[in-house]
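Colleague: Just so we're aligned, residue 0 is where the sequence shown starts under numbering that gives the first Met the number 0, counting upward by one.
Among the hints, a few may not be true.
Calculated cross-link-like contacts (lysine-lysine; reagent style DSS-like; alpha-carbon spacing at most 27 Å) [to be verified]:
#1 Lys77 <-> Lys371
#2 Lys210 <-> Lys77
#3 Lys371 <-> Lys210
#4 Lys38 <-> Lys170
#5 Lys5 <-> Lys210
#6 Lys5 <-> Lys77
#7 Lys77 <-> Lys412
Okay, the calculated beta carbon distance ranges per label pair [what the hints assert, rightly or not]:
#8 Ala178 <-> Leu409: 47 to 53 Å
#9 Pro264 <-> Trp405: 49 to 55 Å
#10 Thr420 <-> Leu383: 46 to 52 Å
#11 Gly122 <-> Lys417: 47 to 53 Å
#12 Gly263 <-> Leu409: 36 to 42 Å
#13 Leu363 <-> Gly389: 24 to 30 Å
#14 Leu229 <-> Gln260: 44 to 50 Å
#15 Leu336 <-> Gln11: 43 to 49 Å
#16 Thr413 <-> Leu363: 27 to 33 Å
#17 Gly122 <-> Val45: 32 to 38 Å
#18 Leu167 <-> Ile320: 36 to 42 Å
#19 Gly122 <-> Gln173: 37 to 43 Å
#20 Asp337 <-> Ser288: 25 to 31 Å
These are calculated hints, taken from the structure and not from any lab test. On a predicted model such as this, the values are computed, not experimentally measured, just so you know. For each residue, glycine too, the CB sits at the ideal point set by N, CA and C.
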Amino acid sequence: MSGFHKQISLPQGISLLLTTLMGTGAFVVPSLAATIADKQALWAWVLLISLMLPIALTFAMLGARHPHAGGTAYLLSKAFGSRWENFTGWLYLSVIPTGLPAAITIATGYLGNFLGIESAYHGWLAALTLTLILLINLMGIKASGHMQTLIAIAVGGTLTVLLLVSELELKDLQPPPFALPELGNIGEAMAVIFWCFVGIEAMTHLGAEFKNPRRDFPLTIIIGVVLTGLFYYLTAALVIRYSAYGNESIDSQSVAFLAGQLIGPVGEKVVSLIGFLACLASINLYNLSFTRLIWSMAENSVLPAPLGQLTSRGVPARAAILVFIISMLCLTIKYQLDVGLDELIKYSDGVFVVIYLLGVLTGLRLLSGYRKQLAGLSLILCLLALITIGSYAIYVLLVLAFSVCWDRYLEHKTLSIKKVTDGS
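Full structure from sequences and hints, please.
Modeller: Next comes the structure, spelled out in structure tokens:
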């Protein structure tokens with residue numbers, strides 16, 4: 000790990016985590032959660048944030064004790080063997096059919112509001128947005144770290160302005176009396192809220208680049224999660240206070256709806272444009288990571304070799320086209336079968352809960368003392384989070400089963416080739 004410059008300080012680390020977590024979720028998840036659980040959604044935020052803190056701290060301990068650019072995949076390989084890296088790769092790729100269409104639906108909601116296009120035509124806007132992402136990828140345009148920071152500033156700035164001009168009172172921030180009959184809805188809202196905390200595991204990739212990883216990395220994770228949770232909670236209270244929720248049409252453009260109420264029509268248009276551009280940049284960033292992962296897996300013979308070919312610009316074009324085809328197909332299914340945005344997010348969150356679960360599982364092998372006990376607690380909390388996902392977890396279980404079968408197939412294929420080679 001000597002090849003990495005240890006240049007990330009505590010403030011820089013917190014900033015990086017905030018830019019990772021402040022993405023598309025800020026524009027839609029508070030309203031989706033409120034649509035599911037109404038005012039009881041505030042309890043869902045309290046419970047989910049409380050659940051995430053031990054899990055985040057476990058990842059912080061792992062990143063501090065075992066800093067490596069490979070992140071979660073490296074930890075799994077170190078704890079359980081190299082084939083677990085492939086399982087992690089398949090899990091990340093399985094987000095393409097669910098997560099990308101969900102993010103594009105969010106972006107389309109804000110673009111439609113900005114252009115004044117009715118929701119009946121948002122399917123066409125989604126297709127055009129996805130095509131634009133493909134063209135950006137094929138041209139080799141990359142999102143820089145500065146761009147990601149600007150996105151976070153734009154998102155945070157927009158929501159801060161709305162919070163400042165609103166008439167939120169202390170009573171609006173207090174959860175209502177806990178309603179036990181609403182426990183099912185609260186759990187369902189928690190399943191959606193998990194989307195806002197996807198990205199904590201990605202920070203383990205940067206552990207080796209901290210100036211003082213053992214001290215600053217855990218502080219970065221905890222402070223970042225607390226600040227993010229606080230910001231999202233305030234936004235959720237704002238959404239409930241002004242009833243900016245109720246159905247997918249409102250949920251997918253709730254922040255613009257709030258801006259219209261608090262600032263006026265011009266503010267609504269400006270926020271809609273910011274929302275679309277922020278979502279577009281985030282989608283592009285994830286799309287780039289997916290195409291690079293496909294390229295990497297092809298290079299390692301996990302996927303067919305043609306997917307590992309690069310253009311003269313150094314772009315894995317075939318991988319990008321494959322991501323485009325899968326996403327377009329799933330977008331078509333979403334609009335034809337009227338699959339809910341919250342459903343797509345739950346399928347995606349099921350995948351990330353399992354990634355987190357596998358990550359904290361490595362803590363039982365790689366950590367000791369109270370850190371190992373914390374990993375055990377985090378494992379239980381991840382299982383509870385998986386329960387809130389409910390039947391949507393079937394998707395990630397099928398992905399895991401497929402990845403194991405594919406690994407066995409590749410192993411058998413390699414042995415067959417070796418026998419033929421040895422025989423000749």
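Colleague: Quick one: which hint numbers does this structure break? Sort them smallest to largest.
Modeller: Of the numbered hints given earlier, those the structure breaks are 12, 14, 18, listed in rising order.
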